[in-house]
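Sequences are here, hints too, so could you generate the full structure?
From first to last, the protein sequence lines stand for chains P and U. Counted from 1, the first sequence has number 405 at position 8 by the working numbering; the numbering is strictly sequential. Counted from 1, the second sequence has number 829 at position 460 by the working numbering; the numbering is strictly sequential.
These aren't lab readings, by the way, just hints derived from the structure by calculation. Glycine included, C-beta positions come from ideal geometry on N, C-alpha and C. Treat the hints with care, since some could be wrong.
Derived pair list, reagent style BS3-like, types lysine-lysine, alpha-carbon separation capped at 25 angstroms [stated by the list, open to error]:
| id | chain 1 | residue 1 | chain 2 | residue 2 |
| --- | --- | --- | --- | --- |
| 1 | U | Lys382 | U | Lys930 |
| 2 | U | Lys781 | U | Lys703 |
| 3 | U | Lys947 | U | Lys968 |
| 4 | U | Lys1057 | U | Lys1011 |
| 5 | U | Lys389 | U | Lys796 |
| 6 | P | Lys415 | U | Lys389 |
| 7 | U | Lys968 | P | Lys415 |
| 8 | P | Lys415 | U | Lys698 |
| 9 | U | Lys575 | U | Lys781 |
Sample of chain U residues with no beta-carbon within 10 angstroms of chain P, all distances over it, derived [stated by the list, open to error]:
| id | residue |
| --- | --- |
| 10 | Gly388 |
| 11 | Asp482 |
| 12 | Met526 |
| 13 | Glu567 |
| 14 | Gly596 |
| 15 | Trp607 |
| 16 | Ala826 |
The chain contents come next:
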Amino acid sequence: MPEVWIPPLMQRLTGGQKQVHVAGQTIRQVIDNLDQVFPGLKLELYDEEEDLVMPGIAVVVDGETSQLGLLEHVREDSEIHFLPALGGGAF
Amino acid sequence: MLEYKPNIVLSEKEYNIVGKRPIRPDGAEKVTGYATYGADIRLPGMLYGKILRSPYAHARIKSIDTRHAMELPGVHAVMTSEDLAQPSGRIVDLAEGVMHNMRFLSNNIMAADKVLYKGHAIAAVAATSPHIAEEALALIQVEYEELPPVLSAEEAMKPGAPLLHERLASLSNVNMRPGGTLSDDDPTPGSNLANRFEFRLGDLDKGFQEADIIVEHETFTSPIHQGYIEPHTATAMWHNDGTLTIWSSSQGHFNVRDQTARLINMPVSKVRAIPMEIGGGFGGKTLVYVEPIAATLARKAGHPVKVTMTRTEVFEASGPTSGTHVRVKLGATKDGRLVAGEAHLIYEAGAFPGSPVAPACHGIMGPYEVPNAWIEGFDVVVNKPKSAAYRAPGVPAGAFAMETAIDILCEKLGMDPLEFRLRNSAKEGTRGPTGPVWPRIGFVEVLQAAKDHPHYATPLTGPYRGRGVASGLWRNNTGPSSAVAVVHNDGTVHLTEGSPDIGGTRASISQQFAETLGIPFEDVHPEVGHTDAVGFTSVTGGSGVTFKTGWAAYHAAQDIKRQMCERAAKTWDVPVEKVTYEDGVLLDGTNPERRLTFKQIAARQVATGGPIVGRSGVNPSGAGASMGTHIVDVEVDPETGKVTILRYTAVQDAGKAIHPSYVEGQIQGGAAQGIGWALNEEYFFNEKGHMVNSSFLDYRMPTCLDLPMIDTVIVEVANPNHPFGVRGVGETSVIPPLAAVTNAVSRAIGVRMNRLPLSPGRILEALWQKNGTNGTNGR
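Here you go:
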């Protein structure tokens, strides 16, 4: 199963776990499955109104920032990070 | 050791057109003055807009009376924030991945209930001449309740500090949120701390326990401006069908369209943004300031309206980069291995949330393998102009702290600073301190090229002279991009691309297009298309254009290749699978004698099926990071405190330098800006929060007289995620100079400096303190 690195500021929702393994072939599935195990994570990672990864978050899969967000495919051995998006001086 | 030449390209792969130095397509118009910039627009019946700005850094607006201004002959329209949309404070995605808090953006363009910095716009007038408009501004009566300004992040974070936004939520989560507001029923008090970010890796305590040497260091920088020559300018014209055209100077006309449309309550399909030539941006022209004002005034006046900022307005009311305070703690073993790193970055956002502290957190330890790390960033609002992006947003100030701390560490270890960096450099497979594992990067190659450079081996002798080195990393960005290519029947191609050309990208994109098709560079005629002429393209920023729009051009060329093959197959009456395309020539696999050139097919395109048009829309991932290392020699005059740059060498990984001259130009330009940041530039605010050096006479940027030739070494470690191996190059080069120059000056005067700029006065004070004099004794 893909390994998700939980951002430090979200580890309160995982009982302090820094990395977790959840099933999923896309980022959408990974987020849904994360929320099953650790309720509340989806609220932080997913913008329901826009049906997008939460604005301002970059999804990094295997070292590369995804441009597809929820639609990005992940492998069984993928490593997934949710990081503040690059950008500066934005509103 | 490298054979010394002023500029060196360490190429790994050669192409026919990529990697060469053709003359830029827009060069002649620019050097002869024929290129048209935003302020060159003149339309029949056009009016001139001027903006009334706040004399206070912090005040409540009690009332605005515009009646007398409207009565002045020649005045056609007056506007205030009531004429702009006041969207919710929720973050919105402007449909193509661009996030904004539109309420804050609206209130920055024109203050609603409070002014939050000196120069904050309050009202605007459109009149038949700029002078009448200025006269009218003087007739607008504004009643203020002056409030105490908050002028530093530390002050702003203190309990009881005056609040800029009474309902600003203090966010602490993973998002790079541009800030949010509390709901009315939320009892949480407001705050000036808009965002807090945090990254952790490994076990920090254990890491420091393993360290033989620990260094703690803190640095300070002031807000500085991008210093683009051309001020912000926009001209707006409404048409009879209710649509709007905007001509402006920006790094992204799609951003101009989308942001303006939101702020004037128009669908994007009714707003057309036309990109003009741009006289510099460096990140500062990714937001709108005057476009919604010009559009609103034009709508009210029923005439086209042009609004152009003065230089003082640019300084006071556009977006400089943040003032910063950074604390770094590093632990290393005796043999020079970093085992722990801690950094706390406090960035002034200006009047609204959204400083570049998040990318600074990404970049501060990014070049290195730091197995145990804690990085914390604070985004704090203060009564200064809202910060905007400035070349490698946020990272130079972070790297200033990190790279000067490394210099101190190397002194304590007695280790060569480049050797130390080589021992600790990130490479493919290294886990970065913010989490992800690095793909292929070229930091080791850059460091080795710097170490091998004759500059580094040349002895530097004499009093008050010092050499400094520093490195920097910019991750580079990407985004959606589009291109449309029309084949003419003479065999040339008109290439319309969506990226405004700031650094010579018409050339670099055309080179990739021509290389892909195997046609001469001179046969490609590039143009930057307006928002209705080409698909959405994200801003020229993040050093992303040569990567993303290069991809777009590559795919548009592949589209043309495919169509050319179909036309050849039709001509020869053979299956298309039998046709191959090689270097601009089509070959028939069933008959080696048959061939057609690109020009021959182009001449017969109508007869073979109609016009050939290549197109593409892409959103590529994998913009490879770029690393740089700079070496600088300085001499300090102990009598005046003036620093002279004696020699400067910049080494950087470009992946593949599509047009080496423009890569060198980017490296030199970034280094020059970084040197200005290190030595001269800063916003001076008085105790009232007024910028007191808001002109180029008083805001001292380096000129060619201040700098030697900046030598460059382009290292090419191909990015595997691009057809030609491109990595963005525009921003990395502004990162190392702050620390490189500071390390050199510190060595030259024997005092460790930690506050920029290293102005003559600051250096003299350091020398006096070192010598136990007050500036007059012993002289």
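Hints, verified against the model:
no.: 1; hint: U/Lys382 <-> U/Lys930; in the structure: 23 angstroms, holds
no.: 2; hint: U/Lys781 <-> U/Lys703; in the structure: 10 angstroms, holds
no.: 3; hint: U/Lys947 <-> U/Lys968; in the structure: 20 angstroms, holds
no.: 4; hint: U/Lys1057 <-> U/Lys1011; in the structure: 30 angstroms, violated
no.: 5; hint: U/Lys389 <-> U/Lys796; in the structure: 29 angstroms, violated
no.: 6; hint: P/Lys415 <-> U/Lys389; in the structure: 48 angstroms, violated
no.: 7; hint: U/Lys968 <-> P/Lys415; in the structure: 60 angstroms, violated
no.: 8; hint: P/Lys415 <-> U/Lys698; in the structure: 23 angstroms, holds
no.: 9; hint: U/Lys575 <-> U/Lys781; in the structure: 21 angstroms, holds
no.: 10; hint: Gly388; in the structure: 25 angstroms, holds
no.: 11; hint: Asp482; in the structure: 18 angstroms, holds
no.: 12; hint: Met526; in the structure: 18 angstroms, holds
no.: 13; hint: Glu567; in the structure: 5 angstroms, violated
no.: 14; hint: Gly596; in the structure: 15 angstroms, holds
no.: 15; hint: Trp607; in the structure: 26 angstroms, holds
no.: 16; hint: Ala826; in the structure: 35 angstroms, holds
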